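Colleague: Given next are the chains, with one letter for each unit.
2 protein chains.
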Amino acid sequence: MALSVYERDDILAMEKRYRAAFVNSLSGFKSANLLGTSDSNRQTNLCIVSSAFHLGANPALMGVIIRPDTVPRDTLENIRETGVYTLNHVQKEMVVAAHQTSARYPHGVSEFEQVGLTPLWRERINAPYVQEAAIRLGLILREEHTMAINGTHLLVGEIIEAHVPDSCISHDGFVDIEQAGTVALSGLDSYHCTDRVGRLSYAKPDSMPEWLD
Amino acid sequence: MALSVYERDDILAMEKRYRAAFVNSLSGFKSANLLGTSDSNRQTNLCIVSSAFHLGANPALMGVIIRPDTVPRDTLENIRETGVYTLNHVQKEMVVAAHQTSARYPHGVSEFEQVGLTPLWRERINAPYVQEAAIRLGLILREEHTMAINGTHLLVGEIIEAHVPDSCISHDGFVDIEQAGTVALSGLDSYHCTDRVGRLSYAKPDSMPEWLD
Numbered sequence: 001m002a003l004s005v006y007e008r009d010d011i012l013a014m015e016k017r018y019r020a021a022f023v024n025s026l027s028g029f030k031s032a033n034l035l036g037t038s039d040s041n042r043q044t045n046l047c048i049v050s051s052a053f054h055l056g057a058n059p060a061l062m063g064v065i066i067r068p069d070t071v072p073r074d075t076l077e078n079i080r081e082t083g084v085y086t087l088n089h090v091q092k093e094m095v096v097a098a099h100q101t102s103a104r105y106p107h108g109v110s111e112f113e114q115v116g117l118t119p120l121w122r123e124r125i126n127a128p129y130v131q132e133a134a135i136r137l138g139l140i141l142r143e144e145h146t147m148a149i150n151g152t153h154l155l156v157g158e159i160i161e162a163h164v165p166d167s168c169i170s171h172d173g174f175v176d177i178e179q180a181g182t183v184a185l186s187g188l189d190s191y192h193c194t195d196r197v198g199r200l201s202y203a204k205p206d207s208m209p210e211w212l213d
Numbered sequence: 214m215a216l217s218v219y220e221r222d223d224i225l226a227m228e229k230r231y232r233a234a235f236v237n238s239l240s241g242f243k244s245a246n247l248l249g250t251s252d253s254n255r256q257t258n259l260c261i262v263s264s265a266f267h268l269g270a271n272p273a274l275m276g277v278i279i280r281p282d283t284v285p286r287d288t289l290e291n292i293r294e295t296g297v298y299t300l301n302h303v304q305k306e307m308v309v310a311a312h313q314t315s316a317r318y319p320h321g322v323s324e325f326e327q328v329g330l331t332p333l334w335r336e337r338i339n340a341p342y343v344q345e346a347a348i349r350l351g352l353i354l355r356e357e358h359t360m361a362i363n364g365t366h367l368l369v370g371e372i373i374e375a376h377v378p379d380s381c382i383s384h385d386g387f388v389d390i391e392q393a394g395t396v397a398l399s400g401l402d403s404y405h406c407t408d409r410v411g412r413l414s415y416a417k418p419d420s421m422p423e424w425l426d
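Taken in order, these protein sequences are the chains called A and B. Each residue of the first sequence is one higher than the last, beginning at 1 in the working numbering. Each residue of the second sequence is one higher than the last, beginning at 214 in the working numbering.
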């Protein structure tokens, strides 16, 4: 394949939207989650995030990146007010509705109603889950870091509730998110179903890994 | 689908490896990259990471999570010594070799040789790229954060070189990583090819998004 090398200055010189599409593609595939929040009056907010990532299993921690300039500030304000939020896996049937949550609706408008998704309330957490999602997580904010270089926020949350379909859990704890219908994202706007290559055994120095299934 | 709710205490009570597999599955699909480093004597190190994520386009920033207790410390020491590292997309043909880099080889052994991948050196950066990878990034360490809650490190790097196949770049800057053969990861050990659903237009409050292709 013919290949081009883009240096730092080439990237800095790109037109703004071109650069956003280009750089957003380079990290690889991303998770697709709907981030649900509420203010203390149960005014709900929902936005798609491609930045949720694993941070640790014990305790069960997840990171999510919030850019105050692109995501509605409601989300960040709600999380700081209530200390909680939900993450809900985006499935193929929900892709258009999920994507539409990134539109800049006015403050006071709930994305749930606008895009046609259903808030699901549970006792333990003052933030709405997405009823249509097969896998849902409720999180408590544990830590916050601000990147000095661009002002982006990293929120570290602990999972206090995980809703998982019984049929997707393997004997060893692995959750088959492909079977649950979860999609992957690439760039800013490209949605992908997945097709499993396989699971590989734990790697050891003296032998090559084997396919588990 | 029958669904179970796992609360915080249920997760904390899980057997260690079961919990690791379970929690690692919950964030959604992950990127699959080979992280290449070198010490000042050009002793190379290579390890698969599922934690690289987009942090900003201007400047072009990427985050990667390093857990000192599970990833060989060589990687972190090399990055701190040289200030640079590479990220190289894992493609389907490289999955077994890429996974094998997670084996705990002794200090002084290069994973490149052990798993059969080829280091590619460039002038601007004292870290090896993976020649077999279709998409390769060279990064300079800009910032480091340590999570108070579990000691995990977030490295923030700026992309100073991006190698991208010409055939994968769209007119608007989007890089088609599916066409490049990049795979996605889920859990600790599950590899997935992707099948594009489509790209959606920029979301606006007064209309629903349209499929771009």
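No lab work stands behind these hints, which were simulated from the structure alone. Every value quoted in this text rests on a predicted model; they were computed, and no experiment measured them. Heads up, a few of these hints could be off.
To be verified - In silico lysine-lysine, BS3-like type, Cα no more than 25 angstroms apart, as pairs: (1) LYS16(A) - LYS305(B); (2) LYS417(B) - LYS204(A); (3) LYS305(B) - LYS92(A); (4) LYS16(A) - LYS229(B); (5) LYS229(B) - LYS92(A).
As the list claims (entries may be wrong) - Ranges of calculated distance between the beta carbons of each label pair, as one might list FRET restraints: (6) HIS171(A) - MET421(B): 34 to 44 angstroms; (7) ASN41(A) - SER253(B): 54 to 64 angstroms; (8) SER253(B) - HIS171(A): 45 to 55 angstroms; (9) LEU333(B) - GLN43(A): 44 to 54 angstroms.
C-beta: ideal position from N, C-alpha, C; glycine also.
Colleague: Does each hint fit the structure? Answer for all of them.
Modeller: Going through the hints against the structure:
no.	hint	result
1	LYS16(A) - LYS305(B)	violated (32 angstroms)
2	LYS417(B) - LYS204(A)	violated (50 angstroms)
3	LYS305(B) - LYS92(A)	holds (23 angstroms)
4	LYS16(A) - LYS229(B)	violated (45 angstroms)
5	LYS229(B) - LYS92(A)	violated (32 angstroms)
6	HIS171(A) - MET421(B): 34 to 44 angstroms	holds (42 angstroms)
7	ASN41(A) - SER253(B): 54 to 64 angstroms	holds (58 angstroms)
8	SER253(B) - HIS171(A): 45 to 55 angstroms	holds (46 angstroms)
9	LEU333(B) - GLN43(A): 44 to 54 angstroms	holds (53 angstroms)
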